[in-house]
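Novice: So the protein lines, in turn, are chains D, R, S and F. For the first sequence, my numbering begins at 1 and goes up steadily by one. For the second sequence, my numbering begins at 1 and goes up steadily by one. For the third sequence, my numbering begins at 1 and goes up steadily by one. For the fourth sequence, my numbering begins at 1 and goes up steadily by one.
Please note: incorrect hints may appear among the correct ones.
[To be verified] With a straight-line Cα cutoff of 25 Å, these simulated DSS-like cross-link-like pairs (lysine-lysine) come out:
id, chain 1, residue 1, chain 2, residue 2
1, R, Lys72, D, Lys117
2, S, Lys56, S, Lys73
3, R, Lys260, D, Lys117
4, D, Lys117, R, Lys338
5, R, Lys299, R, Lys72
6, R, Lys53, R, Lys338
7, R, Lys134, R, Lys72
8, R, Lys380, R, Lys123
9, R, Lys338, R, Lys292
10, R, Lys123, D, Lys117
11, R, Lys53, R, Lys72
12, D, Lys117, R, Lys377
13, R, Lys360, R, Lys300
14, R, Lys300, D, Lys117
15, R, Lys299, R, Lys377
16, D, Lys186, D, Lys162
17, R, Lys380, R, Lys72
18, R, Lys53, R, Lys260
Simulated from the structure, these hints should not be mistaken for laboratory data.
Chain by chain, the residues:
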Amino acid sequence: MPTDQIVQYCFSGITVGSIYAIVAIGFNIIYNTTGVINFAQGEFVVLGAMTAITLAARMPLALAVGLAALITALIGALVELLFIRPAKQPTVLRLIIITIGVSILLRETALHVWDEKVHALPFFTGTEVSSVTLLGAHVSPQVLWVLGACALIVAGLSLFFKFTLPGRAMRACAANRTAAQLCGIKVRWMVTASFMLSAGVGALAGCVISPVTQTQYDMGAPLAIKGFTVAILGGLGNSVAAVAAGLLLGLLEAFSISLFPLAYQDVVAIVVLLAVLCFRPSGLFGRRDAHAFGEF
Amino acid sequence: MKCLQWFAIAALASVVGGAWAAEGAEPASGPIKVGCIFSVTGPASNLGAPEKKTAEMLVEKINAAGGVLGRKIQLIVKDSEGTPEKAISFAHQLIDEEGVLAIIGPSTSGESLAIKNICQENKTILLSCAAAEKITDPVAPYVFKVAPKDACAAQWIFQTMKELGIRRIGVLASNDGFGLAGKEQLEKYAPQDHIEIAGSEVYDKATTDLTGALNKIKGQNVQAVVNWSTVPAQALVAKNMKQLGFDVPLFQSHGFANIKYVQAGGAAANGTIFPAGRMLIADLLPEGHPQKRVLMEYKKEYEARYHEDTSTFGGHAYDALTILAEAIRKAGSAAPEKVRDAIENLQGVVGTAGVFNFSKTDHNGIGMAAFEMLTVKDGKFALYKRN
Amino acid sequence: MDRWLLDTQGLNRFFGGLHAVRDLELRVAEGDILALIGPNGAGKTTTLNIIAGALKPESGVVRFRGQPITGWKPHAIAGLGIARTFQTTRLFPRMTVAENVQVGRHIRSRAGFLAGMLDLPRTWKEERAIRAAALAILEKLDLAEHADTPAGNLSFGRQRGVEFARALAMEPSLLLLDEPAAGLNIYETAELARLITKIRNWGITVVIVEHDMSLVMEISDAVVVLHEGSILAQGKPAEIQKDSEVIRIYLGEDHA
Amino acid sequence: MRSRRYAPIAGLVFFVIALQLALSATGTAYYLTQITMSVYYSLVALGLCLLMGYAGQISLGHAGFFAIGGYTSAFLTTHPVATSGGGSAVRLLQQLGLLVERQDLYGNAIVNLSPWLALAIAMAVTTAAALLVGLPVVRLRGHYLAMATLGFGIIVYRVVLGTAGLGEADGFSDVPPFRLFGWLEVNGRKPFAAQNYYIAWTLVVIVMLLGANLVRSRVGRALRSIRESEEAADALGVNVARYKLTVFVLSAWLAALAGVFATHYRGGIGPSEATAFKSIRYVAIVAAGGMTNLWGALTMGVLLNFLSLRGVFGSYDDAVFGAILIAIMLFAPDGLVRLPRLFRRIRKKLDGSLAA
């Protein structure tokens, strides 16, 4: 394989991988404060992008993206208030089923609010045909936006969780719910906040990738599955590991094309996931005994 | 327990007895029932949604003009979500319960093939909107299709390639009925046109990134890429190729015939070459062209009513309904066997896809003449001319 | 060798850097009530979990009637007739009390998937026997009136009783009790003491981990004091009460 | 005790026969086709109910097993067997009567494997797949289990969608009928509608009989104890891993069996039978039936599928199942079939307080 082709595979792997990583981080934010895996995470990505596309027709792009993230965050809060909070004695099984239901409802709503057609945000810089040459490979400038956004989100979130009061409160809930409650943290509202944050992050991701991947009402679920795969590969709850796992899976998928038909690309990713679940349920980077068996 | 036994005996009797009483003869008055099975939602909604809209619009128009043979057409639309199991269920429902004269659709090949035998056995006319050749090959007397032959589209592409001196190509196809049917035809006709398919990849319709696959094909030193699909990935292919600096001509199938994809592809879509019906270039057609009037009318009405652009697929529903109405008129009756015979004898029916000429052995009725080679210039469709 | 119903040799278990059980040599004589005591973190529950198969030791051997059972799965160990209760009661809350106890008959009955589906007369008979045995045990523990109540609806004390009934339904030869008196009031504790003595008199050996000293001293035949994972002292209750080392490290700290 | 257990089954038989008679008497026998299809789907729900409701193990991949059954049988019974010049294996099959000669729609003679042999192979393949997935899956809980089973389903979907020999996106559409014996055959054509209605229900009645026995047996209790507390069940001598694996395989069998019969009945199968959403629908059905309730799963399985197959939900089909999932989990965790019981209990209480 010539070097420029290898570099090209690397770039497409890293692009796809960082998209997965952002979705996985969205999973982790909610998982950490609530112990819930929100199967509707992919829908936040779609909602964010769709809203931004609608808004972008009426206002500057940056404003549209910001507003879309805000609106999606509110939808996230609404999802928590309407569907998660009222669940009594929420077992993991029940919460999984509820979030799956939410995912289906959001998807169908998107279908009927928008339509079945494909939409895309305009490129943030340049156009469809612009490409940047890096190490002998060609990439779209939007890819750099995706990578930048991913890095920014990771950095922003770690600052948020380390240095801000709400961030610390959310971490406290993750570490020990009861103790957090005793310290006067309103745990219930922290859960709502985590849904908002995660929806907002998802929406941002949706906006950055929309020019490259395009957006359609039903692309949420496949994205969510990949994001979930990455979250587990990295070890549930560990966002830095999720980035590493995302890039790893992206690269794996990119290079798998050179060996297997593209039609089996998902199979490769999921076989890896099943193998990890089988042998290292705590993820590639997690401690062997940590999280291995969540309570049911 | 006694009661149970009587039940069992009665039930057994009705089982051994077999079929229930035959349906009554076709009523000579009242509306003519036509069933539609479209994948209005689900993975093939880009086909089914415009088909449904078109069918509803056209039936309204026909009925407003007094219907066919003085009878109104009653349309019963079912959303199969692109799944054969629902298509089968709806086919039974439409035939047994509604007693429809004909079924228009399904939108996808898998569904059409799944209900082909059901329609044939029940002597209900099927006018499929899907691509696969297998729908009308081998010919089943009651089964027709209106979508143009993939084989013709493939031959048009290869002919253009030969003119350009292209010998070595890469093929991409979506993993759905449309894409696979096209890929099959490309592979079938490539050898006789002396074109080598150096690499081919099949991708999921929901794919969001094709740079990997294109990179692989790029590594095969091809002179052109053919993409065969109906899905948004058509714009993605164009974009990804430009991003990769992969500078060879991009050919697409007639599935590209939707201005949405050109818009989604933006500047990257410019220069794409593809075969298509004349719907997209209706305004460019000379005044005397047989399709000009039909196409302009359909376009105008559809766009006024639904505020969206027409697509080839909506056109399929238009053609199917037009053919059916024409056949009923010719037959002078809505009896299935007479209408069927009439369709087989239809000649020169002008539709959106072209001029249909059916025969006993050709239940598709449309050939090479259905297509023109088009290209994209400055975000608009234009006739392709070698320069 | 067969002198001991249960014995361990050189048992070690770590949790990260913590050496929870250190070269433990434990011997349980048949028919005894043996109490495992010690301050928090002494490794009592860990030892119990290792015996029951819920934890694996890093090294060492557990023998039951001379047969090594180290590393066996809990269900296999249960199959030998070693029953246990948990520190926090683990009933099957949405099953009735009777059903809870019937699960206790699992190792004493045989019907598998096929037999269960076909409901052969033999299975049917076995099922009747299971139900009868379960009811008999509930009767013995004065819980028969709650037989059809979902176990989760019972009071805390009764739930503990059901857990005992469930364990006894196994007809165990060894019963491991993990802090059975925790959360009980003095009347309930006295009741518990009588029950445990009764169980011993049925011929069941009991190993009990307990903090309640008066209970331990009242009922046990032998006491083992653990400290930082190893045995500090062992002997009759009266001897332990006099052991100055134990008083200093264990009782002394408690009283300080 | 026993007769009480079999009374509902007798009631079901009674209902099934009465329904068919009523339909043919009123000239609405056309409903039979869609009922038959729904009954096959409810078989999957019954298996999932055992796994999810009783043993407490979620599976988001059961459509995968349905597809494995259906596709294996479809592949084997449509793949022509070369009789001329075939090896000794072919001759052996011929002597055993395991080859079927038939004519296709266009009068060409073809020789295929007997559907009975195909059924046996389909079940064997399913067993292998269930064991392969089950071995790691029995060790997992909660989200991990959900993801692993979801992943399995996606793999099956991708493989049937991406493999040329399995028809790719088009699937199979020319699967022959399955002659059970004599004049009895699994066949979707109109003259066979009534007997196929009974074939499907017979399967369900047998499964209900075995299932109702199982859940009340020693094994059923053990399964529920696993759902309640794996640790306690383990400590009582229940071989948790083996029970989980066995019930996983059992429920996979039911799904695959439904797949085989439904495929022969409809004359085909497509990749849409293997999608993740299909699996989620089965979960929704079991949830709507009240999770730990075989009768609920059966009722909801037949009812919801029947409505869906008739297109009652129109373009909102998916949304309906999503809404069911949420509503059931939030407001009626005991399922829809328990609602009347809930009302009855409330009324009884009211009556009681009035009488007092």
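Novice: Each hint: holds or not?
Specialist: Evaluation of the provided hints:
1. Lys72(R) / Lys117(D): Violated, at about 32 Å.
2. Lys56(S) / Lys73(S): 9 Å, holds
3. Lys260(R) / Lys117(D): 8 Å, holds
4. Lys117(D) / Lys338(R): Violated, because 40 Å separates the two Cα atoms, which is more than 25 Å.
5. Lys299(R) / Lys72(R): 24 Å, holds
6. Lys53(R) / Lys338(R): The given pair, whose Cα atoms are some 28 Å apart, is violated under the 25 Å limit.
7. Lys134(R) / Lys72(R): 33 Å, violated
8. Lys380(R) / Lys123(R): 44 Å, violated
9. Lys338(R) / Lys292(R): With a Cα-Cα distance of about 30 Å, the restraint between Lys338(R) and Lys292(R) is violated, given a limit of 25 Å.
10. Lys123(R) / Lys117(D): Not OK: Lys123(R) and Lys117(D) at ~36 Å, beyond 25 Å, violated.
11. Lys53(R) / Lys72(R): Cα-Cα ~18 Å, so holds.
12. Lys117(D) / Lys377(R): The given pair, whose Cα atoms are some 23 Å apart, holds under the 25 Å limit.
13. Lys360(R) / Lys300(R): It is violated: about 35 Å lies between the C-alpha atoms, which goes past 25 Å.
14. Lys300(R) / Lys117(D): This hinted pair holds, its Cα atoms lying about 21 Å apart.
15. Lys299(R) / Lys377(R): Given pair Lys299(R), Lys377(R) holds - Cα atoms ~20 Å apart, limit 25 Å.
16. Lys186(D) / Lys162(D): 19 Å, holds
17. Lys380(R) / Lys72(R): Violated - the C-alpha atoms of Lys72(R) and Lys380(R) are around 39 Å apart, more than 25 Å.
18. Lys53(R) / Lys260(R): 17 Å, holds
Hints 1, 4, 6, 7, 8, 9, 10, 13 and 17 from the earlier list are contradicted by this structure; the remaining hints agree with it.
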